[in-house]
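2 protein chains.
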Amino acid sequence: MLDYKLLQALATVVECDGFERAGDRLGLSQSAVSQRIKALEIRLGQPVLIRHPALHPTPAGQRLLNHYQQVQLLERDLRSTLPTLGEASPRLRIALNADSLSTWWADVVGDFCQSEGLLLDLVIEDQDVGLKRLRDGEVAACLCASDQPIAGARCVPLGHMVYHPFATPAYIARHFPEGPTAEAFGSAPAIVYGPHDQLQHRFLQGCGYHGGFPYHLCPSSQGFVRLASAGMGYGMMPMMQVETLVAEGRLASIAPERALFVPLYWHFWRHSGAVLERLTGVLGEVSLR
Amino acid sequence: MLDYKLLQALATVVECDGFERAGDRLGLSQSAVSQRIKALEIRLGQPVLIRHPALHPTPAGQRLLNHYQQVQLLERDLRSTLPTLGEASPRLRIALNADSLSTWWADVVGDFCQSEGLLLDLVIEDQDVGLKRLRDGEVAACLCASDQPIAGARCVPLGHMVYHPFATPAYIARHFPEGPTAEAFGSAPAIVYGPHDQLQHRFLQGCGYHGGFPYHLCPSSQGFVRLASAGMGYGMMPMMQVETLVAEGRLASIAPERALFVPLYWHFWRHSGAVLERLTGVLGEVSLR
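As given, the protein sequences belong to chains A and B, one line each in that order.
Going by the UniProt record's numbering, the first residue of the first sequence is number 1, and it counts up by one from there.
Going by the UniProt record's numbering, the first residue of the second sequence is number 1, and it counts up by one from there.
Warning: the hint list may mix true and false statements.
What the hints assert, rightly or not - Cβ-Cβ distance ranges computed for the label pairs, FRET-style: (1) B:K132 - A:G117: 31 to 39 Å; (2) A:R51 - B:R25: 30 to 38 Å; (3) A:D128 - B:V71: 32 to 40 Å.
Rather than coming from a laboratory, the hints here were simulated on the basis of the structure.
Just so it is clear, the structure is predicted and the values come from calculations on it, not from any experiment.
The beta-carbon is built from N, C-alpha and C at its ideal position, and this holds for glycine as well.
Whole structure, please, built from the sequences with the hints as guidance.
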């Protein structure tokens, strides 16, 4: 049998991003935490943590964390049938896209989390990184646009989000007076989420434009809306995030017929216990549009 | 004289987070980009990039990037006095806190960016990491809560943001029926931004509570508001972000007399050129409350 105190130390160091903070959380000295990590590494015969340049688990450490998370979820199920075991509330670690978190996510899962007393550890990742973290056992589930199957995991489609290239009417009049032309795309500042953001490129390709374009980089869903609303650029935003602003005439699409549909899939480990199954049931009732 | 093509390759690889994407941006093959990075490393006699586990510059690479950014800003000034040099629009890389980006930032700098044709590369970081990135030359400026001076940089105070522990009235009635008591804090789920988030701890300490508490982890400013609005927990949010929800009675403070004031400071490299000076002038007119 594994010594779960050691796994808990590892999980806490990674979650707190530091030995001292992990010690505070566990009520242990920093050196006691270090000793537990060392004991785990001796038992395993290899390192579980990389210290530099940033603290993160090795592949072996990640497998241990994944196992630890699954055991916690199973313990949770056990506690619900044996309430006298006492309280424990493991956080469920979920990778999801920023736009879901900024829009529908909490409305859909809020009541479920409250009634189950479930705490979430949300991680914002694009789909490639999110699925990698699921494969590596760093998260129990991943909400993303990819239906690429992961061995050992299930994949449930949740519908899709609709994106439009929104900007202020003043911005559109100034930068797109003749609509979405190649000339306008080459000079009108866009807003892009980050170097991995493919929506802007898909949109421009859909318009038949393949040249360069100026852009702001803004890795925040709400920051996107703020920059666009301040007239700084146009960007691909989910209709459900800006419905009110569009209804009030404060944002409009620069190319109304060029909506992009982004599907969303819920990936989660099979055999991770009943909570995750029930949460999947709640999400399965969503029908995004 | 340095070969700026090599520096541009380095900057583009880091910004695009990959050699292939950098090649696409620069109109070069992936191997041409690799050759430029290698040429830079031979010239320097040491590596400029670390490839694993994630692509990032070495300390020497960071100093080169800082220099490259400053040269770009100086070129920008030059171009404004010699317009026939032609167009170039370097992105200004700025680290800032998520809550500023979700609230006032774009409204304050939007007109300036438009009239100057200035593009931004925004990076969300908490204050410690943001200041480190400024010191390392990865960003030209940093907006954060720390007034810790950085050698070679100026620091301008911008006022402060006011935070309250907000939740829905139904959540407050359920979890804090007798106000902010120790018993309630020990069992009411909070919402915390991440392991480095100190606001929740400052708030609880201010209330004289030093015990453990359950919490969701949610690294998104808007996600915070969504989770709280769905009744999942209470969290420290800037008044300016939720003013409307508070006015409509959809969010309220669990401890109205326990506001926290978070000061904001603008740190930027001296001698980075006139654009940054003028942007600082615009920010200096802000008076956050």
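Against the structure, the hints come out as follows:
no.	hint	in the structure
1	B:K132 - A:G117: 31 to 39 Å	holds, 38 Å
2	A:R51 - B:R25: 30 to 38 Å	holds, 33 Å
3	A:D128 - B:V71: 32 to 40 Å	holds, 33 Å
The structure is consistent with each of the numbered hints, conforming to all of them.
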